[in-house]
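Number of protein chains: 2
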Amino acid sequence: MNKRLFSFVAGECGEWSIRSIQTIVGESLPTSKRLTIENGDFSGKCDWALRGVTSNERYVTKAEKTALVSKQEGLGRKASNYAALIPIRKTDAWWSLTQEERRDIFEEQSRHTDIGQKFLPNIARKLHHCRDLASVEPFDFITWFEYSSEDETMFDELVQSLREGIEWQYVEREIDIRLVKE
Amino acid sequence: MNKRLFSFVAGECGEWSIRSIQTIVGESLPTSKRLTIENGDFSGKCDWALRGVTSNERYVTKAEKTALVSKQEGLGRKASNYAALIPIRKTDAWWSLTQEERRDIFEEQSRHTDIGQKFLPNIARKLHHCRDLASVEPFDFITWFEYSSEDETMFDELVQSLREGIEWQYVEREIDIRLVKE
Numbered sequence: 624m625n626k627r628l629f630s631f632v633a634g635e636c637g638e639w640s641i642r643s644i645q646t647i648v649g650e651s652l653p654t655s656k657r658l659t660i661e662n663g664d665f666s667g668k669c670d671w672a673l674r675g676v677t678s679n680e681r682y683v684t685k686a687e688k689t690a691l692v693s694k695q696e697g698l699g700r701k702a703s704n705y706a707a708l709i710p711i712r713k714t715d716a717w718w719s720l721t722q723e724e725r726r727d728i729f730e731e732q733s734r735h736t737d738i739g740q741k742f743l744p745n746i747a748r749k750l751h752h753c754r755d756l757a758s759v760e761p762f763d764f765i766t767w768f769e770y771s772s773e774d775e776t777m778f779d780e781l782v783q784s785l786r787e788g789i790e791w792q793y794v795e796r797e798i799d800i801r802l803v804k805e
Numbered sequence: 624m625n626k627r628l629f630s631f632v633a634g635e636c637g638e639w640s641i642r643s644i645q646t647i648v649g650e651s652l653p654t655s656k657r658l659t660i661e662n663g664d665f666s667g668k669c670d671w672a673l674r675g676v677t678s679n680e681r682y683v684t685k686a687e688k689t690a691l692v693s694k695q696e697g698l699g700r701k702a703s704n705y706a707a708l709i710p711i712r713k714t715d716a717w718w719s720l721t722q723e724e725r726r727d728i729f730e731e732q733s734r735h736t737d738i739g740q741k742f743l744p745n746i747a748r749k750l751h752h753c754r755d756l757a758s759v760e761p762f763d764f765i766t767w768f769e770y771s772s773e774d775e776t777m778f779d780e781l782v783q784s785l786r787e788g789i790e791w792q793y794v795e796r797e798i799d800i801r802l803v804k805e
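First to last, the sequence lines map onto chains P and A.
For any residue, its number in this note's numbering is found by taking its place in the first sequence, counting from 1, and adding 623.
For any residue, its number in this note's numbering is found by taking its place in the second sequence, counting from 1, and adding 623.
I should point out that these hints are in silico values taken from the structure, not numbers from a laboratory.
The model shown is predicted, which means the values in this text are computed figures rather than measured ones.
Among the hints, erroneous ones may be present.
[Said to hold, decoys possible] In the EDC-like style, the derived pairs of lysine to aspartate or glutamate whose C-alpha atoms are separated by at most 20 Å in a straight line are:
no.: 1; chain 1: P; residue 1: Lys685; chain 2: A; residue 2: Asp715
no.: 2; chain 1: A; residue 1: Lys694; chain 2: A; residue 2: Asp774
no.: 3; chain 1: P; residue 1: Lys701; chain 2: P; residue 2: Glu775
no.: 4; chain 1: P; residue 1: Lys688; chain 2: A; residue 2: Asp774
no.: 5; chain 1: P; residue 1: Lys685; chain 2: A; residue 2: Glu760
no.: 6; chain 1: A; residue 1: Lys688; chain 2: P; residue 2: Glu724
no.: 7; chain 1: A; residue 1: Lys685; chain 2: P; residue 2: Asp715
no.: 8; chain 1: P; residue 1: Lys626; chain 2: A; residue 2: Glu760
no.: 9; chain 1: A; residue 1: Lys749; chain 2: A; residue 2: Glu650
no.: 10; chain 1: A; residue 1: Lys685; chain 2: P; residue 2: Glu723
no.: 11; chain 1: A; residue 1: Lys685; chain 2: P; residue 2: Glu775
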């Protein structure tokens with residue numbers, strides 16, 4: 624199994640309790656109580672399971688990466704009692720663009736990295752890719768965020784800023800799942 | 624199953640007869656007689672099977688893409704009685720680079736697309752990605768080439784030019800498999 628593969632499994636068990644599941648655009652996901660993150664594949668009983676692999680950088684420049692690395696903190700911080708799981712699927716039109724066209728929309732027009740870095744180190748994140756798995760997956764990306772409950776307003780501001788950008792015109796399915804560690 | 628998934632299956636059957644398997648760098652692959660390309664996964668008996676998904680463009684600019692599209696021809700041409708299957712794995716150092724650093728090595732320093740387009744339309748190609756599958760795969764990319772036996776020297780020139788570039792310093796495993804349609 625690819626060591627970079629992670630499964631986000633919703634059901635009766637898991638250290639994360641699901642506070643809300645909000646459908647932003649497209650088809651919804653069934654409700655569920657708890658969530659666990661497994662390294663590798665998952666084939667047991669659950670309400671739903673989403674999986675993706677962490678991978679190489681796709682858009683950030685060297686300068687942006689250096690800035691991010693100097694400010695960001697990892698997952699698993701004690702103070703991070705809140706989390707968000709946001710799976711997204713982009714349109715065929717997005718995937719038909721060249722790399723430079725996607726980069727232009729992602730950063731020059733929509734300031735994706737620039738917006739994200741403003742909320743560091745409070746909001747930690749990890750991106751997983753699903754589109755190039757051998758199976759058909761319901762989303763292209765799964766992003767996992769961790770932060771303190773005190774920063775929930777800040778997190779709302781972050782996702783709102785991203786959703787207002789041109790990049791989000793290419794998002795055809797998005798679910799915003801909020802969790803608390805219990 | 625992802626419709627973009629393809630399996631390259633070596634064994635007793637298949638419309639392509641394997642002429643040679645040359646290890647360019649790294650561990651070799653077992654010898655085999657014939658090869659078939661299946662859309663989707665493969666779990667039957669074989670000498671070896673490699674799989675990968677076609678995906679979105681990673682490096683070409685809009686201008687480069689337009690130039691390629693105007694010159695290239697598809698797979699399956701009657702005159703294409705020869706083929707090559709070249710699986711490649713790149714080093715961790717390559718995957719740690721940012722997109723712009725990889726693009727710089729790929730094109731500005733190594734002229735990968737520029738070299739490839741010189742051999743169009745004679746040599747048709749299709750790229751498959753393996754690195755972000757859920758399973759551990761032996762290669763990062765699988766490229767399938769088709770051309771006429773009359774153009775074998777031209778194909779040798781193409782791969783030789785690419786192997787001389789800086790980009791190939793990041794290639795840690797490469798096998799060059801030549802085939803004929805029978």
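Evaluated hints:
no.	hint	result
1	P/Lys685 x A/Asp715	holds, 17 Å
2	A/Lys694 x A/Asp774	holds, 17 Å
3	P/Lys701 x P/Glu775	holds, 16 Å
4	P/Lys688 x A/Asp774	violated, 44 Å
5	P/Lys685 x A/Glu760	violated, 28 Å
6	A/Lys688 x P/Glu724	holds, 12 Å
7	A/Lys685 x P/Asp715	holds, 17 Å
8	P/Lys626 x A/Glu760	holds, 11 Å
9	A/Lys749 x A/Glu650	violated, 23 Å
10	A/Lys685 x P/Glu723	holds, 8 Å
11	A/Lys685 x P/Glu775	violated, 40 Å
Checked against the numbered hints above, the structure violates hints 4, 5, 9, 11; every other hint is satisfied.
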